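Colleague: Protein chains in written order, with this note's numbering: chain A, -17 to 94; chain B, 15 to 172.
I should point out that these hints are in silico values taken from the structure, not numbers from a laboratory. Where hints are given, some of them may not hold.
[Said to hold, decoys possible] Stretches of chain A that chain B covers, calculated by requiring three or more beta carbons in the stretch to come under 8 angstroms of a beta carbon on chain B: (1) -5 to 8; (2) 29 to 39; (3) 55 to 69; (4) 72 to 83.
[Unchecked claim] Label-pair ranges, simulated between beta-carbon atoms: (5) A:10 - B:93: 16 to 24 angstroms; (6) B:44 - A:64: 28 to 36 angstroms; (7) B:126 - A:13: 28 to 36 angstroms; (8) A:85 - B:161: 48 to 56 angstroms; (9) B:96 - A:64: 31 to 39 angstroms; (10) B:65 - A:1: 22 to 30 angstroms; (11) A:10 - B:135: 24 to 32 angstroms.
Remember, predicted model here, so these are calculated numbers, not experimental data. Don't be surprised by glycine CBs; every beta carbon is placed ideally from N, CA and C.
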Amino acid sequence: MKLVICEHVLRVTIVAPQERVDVVNAAELRQQLMQLFESGAANFVIDLSEVPFLDSSGMAVLVSILKRTRQAGGDVKLVWPRIEAARRILNLTKFDRVFDIADTAEAALKLF
Amino acid sequence: MLIKALMDKDRLTHEDGEPAANTESTVEFIAPATFAAVRVIDSAVSNLLIRAGADEFNVYNVQLAAHEICTNIVRHAYAGRDDGTIAVLLRISHTPRLVIQIELRDQGRPFDSQSAAVPDFDQPQEGGYGLFLARALLDELHYRCDERGNLWQLLKRL
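Isolated chain A, as found in the complex (with noise of 0.2 angstroms):
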């Protein structure tokens, strides 16, 4: 049997952050994303599970790297907070529009 087979294998890089996401480390935070970026990576998911505050500084940094890497052919994928103030946060600026956001990072991964 004439067979052609391919096996793809797609690299994900999973961030995440272990502490407040704001105006004050959000630089760094876009940094750090965009040297990743810059080396390869181009599929994301950003755990902001263990995110206890989330600010516009911080969700700007997302909507960045996410038009990067849609630009790069790649994407990024969002594990919700696990406080509820937060994860209301998202819903009100419609980010469960623009990003696939799970309840897990490992159910991120299957959003790929």
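Starting from the known structure of chain A, fit chain B onto it as the hints suggest.
Modeller: Coordinates of chain B only, in the frame set by chain A:
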């Protein structure tokens, strides 16, 4: 230390720890207009609300709203100046409903309401969510500019 002056007229709780009815607590301080100080201000908001018995959800919402307004003051009103200050007044009252009022005064550039359009949610953008969030999370948000500078007044009924 960041805070120049602190006044805490705390009559919020009875000895048994239960919130008292018809009481008021006020905290005032002046912070430098820096992003690091924004965290100090939003933590003060959070601490005051926790002590007053507010639930986690409301604490987060009011903390974030105050945080976003302070961030805008540092980023836009002072726009790179490093000598600015934010005068903060936090007032909590039980009447008997828990109400928090926050006043933030600065001497930076006046707020330009033209720059505060509602975000386009269909086109993800890297800015413009801060004021939108503050408006969405509060019951009232007022701004005025007078001879003493800019004054933001935030109010949330819990």
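Colleague: A separate judgement is required for each hint: does it hold in the structure or not?
Modeller: Results of checking the hints against the structure:
Given as covered by chain B, the segment -5 to 8 of chain A passes the check, having 3 residues with a CB less than 8 angstroms from a CB of that chain where 3 are the minimum. With 4 residues having a beta carbon nearer than 8 angstroms to a beta carbon of chain B, the segment 29 to 39 of chain A meets the requirement of three or more and the stated coverage holds. For the segment 55 to 69 of chain A, the stated coverage by chain B is satisfied: 4 residues place a CB nearer than 8 angstroms to a CB of that chain, which reaches the threshold of 3. Proximity of the segment 72 to 83 of chain A to chain B, defined as three or more residues with a beta carbon under 8 angstroms from a beta carbon of that chain, is established by the 6 residues found.
Between residue 10 of chain A and residue 93 of chain B the CB atoms are about 22 angstroms apart, so this pair conforms to the stated range of 16 to 24 angstroms. Checked against the given bound of 28 to 36 angstroms, the beta carbons of residue 44 of chain B and residue 64 of chain A, roughly 35 angstroms apart, stay inside it. Against the hinted window of 28 to 36 angstroms, the Cβ-Cβ separation of residue 126 of chain B and residue 13 of chain A comes to about 29 angstroms, which satisfies the hint. The hint said 48 to 56 angstroms for the Cβ distance between residue 85 of chain A and residue 161 of chain B, and at roughly 53 angstroms that hint holds.
For the hinted restraint 31 to 39 angstroms between residue 96 of chain B and residue 64 of chain A, the CB-CB distance of approximately 36 angstroms keeps it satisfied. For residue 65 of chain B and residue 1 of chain A, the Cβ-Cβ distance of about 24 angstroms falls inside the hinted range of 22 to 30 angstroms, so the restraint holds. Checked against the hint of 24 to 32 angstroms, the pair residue 10 of chain A and residue 135 of chain B passes, with Cβ atoms roughly 27 angstroms apart.
In summary, this structure violates none of the numbered hints.
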